[in-house]
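Enquirer: Going down the list, the sequences are from chains V and H. Per this note's numbering, the first sequence starts with residue 1, numbered consecutively. Per this note's numbering, the second sequence starts with residue 241, numbered consecutively.
Derived from the structure by calculation, the hints contain no laboratory data. For glycine and all other residues, C-beta sits at the position ideal for the given N, C-alpha and C. Any given hint could be a false lead.
Restraint ranges, calculated between C-beta atoms of paired labels, are given here [unchecked claim]: (1) R250(H) - Q222(V): 32 to 38 Å; (2) P961(H) - D128(V): 34 to 40 Å; (3) R941(H) - S178(V): 35 to 41 Å; (4) V19(V) - R1015(H): 24 to 30 Å; (5) V1022(H) - D128(V): 41 to 47 Å.
Covered, in the sense of this in silico footprint (three residues per stretch, anywhere, with C-beta under 8 Å from a C-beta of chain V), are these stretches of chain H [stated by the list, open to error]: (6) 386-399; (7) 921-933.
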Amino acid sequence: MTTDNTHAAIFVAHGLTKVYRMGEVEVHALRGIDLTLNRGELVVLLGPSGSGKSTLLNILGGLDAPTGGEVRYLDHMLTGASESELTLFRREHVGFVFQFYNLIPSLTARENVAAVTEISTSPMHPEDALGLVGLGNRLDHFPAQLSGGEQQRVAIARAVAKNPAVLLCDEPTGALDSATGVVVLEVLEKVNRELGTLTVLITHNAGIADMADRVIRLSDGQIAEIRANPAKKAARELSW
Amino acid sequence: MKSLDRKLFRDLWHMRGQVLAIAAVIMGGVATMVMSLSTYDSLVTTRDRFYSEYRFAEVFASLKRAPETLAERLAALPGVERLETRVRAGVKLEVEGFDDPITGLLLSLPDVGEARLNGLYIKRGRTVQPWSTDEVVLSDTFADAHGFQPGGTLAAIINGKRKKLTVVGVAVSPEYVYQIAPGAMFPDFKRYGVLWMGRHALAAAYDMEGAFNQVSLTLARDAHEQDVIDRVDVVLATYGGTGAYGRKNQFSNRFLTEELKQLQTMATIFPAIFLGVAAFLLNVVLSRLIALQREQIAILKAFGYSYVAIGAHFVKLVLLMTVLGVAAGVALGAWFGQGLSNVYTETTFRFPCLDYGLNAGVIVVAFGVSALAAVSGTLVSVMRAARLRPAEGMRPEMPEAYRATLIERIGLQRWFAAPTRMILRHIERRPLKSLLTVLGIACACGLMMVGNYQKGAIDFMVDVQFRQASREDLALAFIEPTSGRALHELAALPGVDFVEGFRDVPAILRFGHYHHRAAVFGIQPQGQLHRSLDSKLQPVALQPGGVVLTDHLATNILHVKPGDMLTVEVLEGSRPVRQVPVLGITRQYLGVSAYMQQDSLNALMREGSTVSGAYLAVQPGSEAELYAKLHKRPRVLGMVANAAAIQSFYATIGEFILFYTLVSTLLAGAIGFGVVYNSARITLSERGRELASLRVLGFTRGEIAYILLGELALLTLAAIPIGFLVGVGLVGILVVAFQSELYRLPLVLTPENYAMGASVVIVSALLSGLLLWLRLGRLDLVAVLKTRE
């Protein structure tokens, strides 16, 4: 699959800055980011700790607001949106996958997914979402009965079940061994391919970058490099 | 300061909301205990000092009349140390501007020098001048009720003769710390007073010159009280003695002792309940709080801290909270205690002054109990956490194992959306924790009911006593037993609707080795005014030939049951001793008595139709005129008007009840809020990450609040009915513990009690819910993605 500029832009960011005030010290997490993310892309955000990648992802996902600059999602301006508008934005358009899965321990796999589909407008069936991540046979298991990789796949199913336009993954393999990590990445790859969901994947693991359409390298709050990756590898070929 | 200690203070500051809520729980328990115990200790100390400094006698005897020379014979009896004779006279009093009947007791003071026994503490003015003829000293309760100052005047009708008296002083006596008119249920300071005047003057007015009708004495060391009483009785038998008695049976002292016993019970039971509940809650709250520190404990272990050091760290943490709560509780309790002691000495007991003191032992016990509860709760959790290997503790906790709840397993799950299932499963996942939370909240509800219980119980007692048992408007006593024909005269008085005569005689009731000094009342078998009630509070007709006993007297004092033969030793007239069958038991909440048909009692006394007094039903509006007429009748000694008695009762104890209810409500409220808030707050800590994740996924604040507050609401609602049961149980304990000869509290809870219990829980829950709602708005959504806990 290729990416080209004919795809509609999903996110457009201009001059994004983010300054945290930690006591008496100002931390410049983002120092002027200009960025466009398109429909159907699989983008890997690469960078060391403190480079600002999580901050960028949080702002894109409506979890945080920039100090300066603006970010647009399709025709919605996210900058300056209210708390409840951002909640609605997350609810309808964004799927999140976290490093530590953040499943609800008191709900089964199916119910964890249903918890999200129950509040979205045109979701898939939870069973279909779990089928997509290869867990069609583990529907009624509670998180405690699932392995780490399986838990993360439930989290991915939960994120995609609402048919989001964008899937934001923050170190999705960070807590997994490499073999399990590959399985999870395969699922992300499949979702991206079959549903055409813009997928943004944060990692500090350069090996994972090979599966991306584009690689954006952040350093010290700025974009150090944006690199298209024409020789995209399948997830199963990756290793680290 | 070691860094671990610095962490301690920062943690405390960080958790300040919860620290305060926990301290409030401890404070509630400790304050109740300090208040009750310090009041009890202070009253006991004050009483003992007053008794010894003012030479309170140890044996008392009343008689009809004996020549003064007999005093020497009495003083020479073995075992008598010091003895004093007196003249005492029941009188009617007239105070200008006050129309209700007032009865009084006039006691003689030596004409020269101080009383050798039962000395007076002169609060204002002075004692009577030697050989004065019209000077009196008033008891302070009566003086205060009428605003008498030295220099004021009043009149007494002594032996039918009116005598004008001048007040020269106001005093308190160890003999009349508690003042109550004979036959009355409650003290009435306006309508009953004790007065002292010179012996010579009183004897002249009462035809007692060169004679006495009352004697008090103290015992020599090693003397046996009962032996002395028996010797005195032998000597006085021919002089109309009505039986000598010890301090135990001295009226004021008996009431004081009973009240103090009640207070001691209260000082034990109430704080035990409050502190026990507080300790339980503390234990629950702290064990959950410490469980949240799992990761920190693991890290400290990884650093190489020993179990002991880690344990000590957390013990210090909770001890600081405990100290805070105990200190606040002691301060508040001492303040309340002073207030309560003052209420006691202003409304019930008269002492020269109150020695309020806080015993250090009380503080030690309060701290000990609180600390034990806190530390045990803490150590259990610390040990559980410390048992983990450090690496395990630092790893994200495995998702807890949940399963479908019973409700879902029986196929009701389609009715519940995911958030509701989360609530149900979370409760069922930790049944013990949920149960403890429910119990904690229930205890707060129960405490509130206990705190509010007394008012309703007293209303009920008064209703039973005055609207069902003693329904007369006026009870009057004759100067001495009189022919039943006197009743016709009374019935003919204007304003009198109905008259019922009664006979009462003092007696010692014996069964086996149990005995009790009480009045035997002869009343009308089908009485309209004075009735005896069965266990269901229905009036029952008295049968001839036997006695009916108050339930408490029969069951707990004499241990008799219907059918047993009781020995009645009458202490009046020819002092007959008779065997009388017990016919039944009557329910009575105030006092203890024995009842017979008047005819049967007359027969037992070998007398014709004789009455000691009468119960009157009076037409409303005609009281003043009737009082004036009765006042003029020389044979009518005392009158007790029921309406006035009830009114004065409420005025007297109203303040006490108000104070006590206010304090218990406040403390139960503090405990209630402490528990509910802590439960909710800890639930938020335990589930903050889960809720923040849901927020990130697009749930609104309202939707996650439903999950958190829904659980709180469910547990709170479940706790209320259990709280009602706890309340009934606690009140039941109180009722049993408070049984005494003076009164027995009925086990009645009014809807108001239940409402108060439920509302403390609901208001606490709403307030906690509001605080949590505000906290949910500050959930850190970003942090939850990165950190584990």
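Enquirer: Which numbered hints turn out to be false for this structure?
Expert: 2, 5, 6
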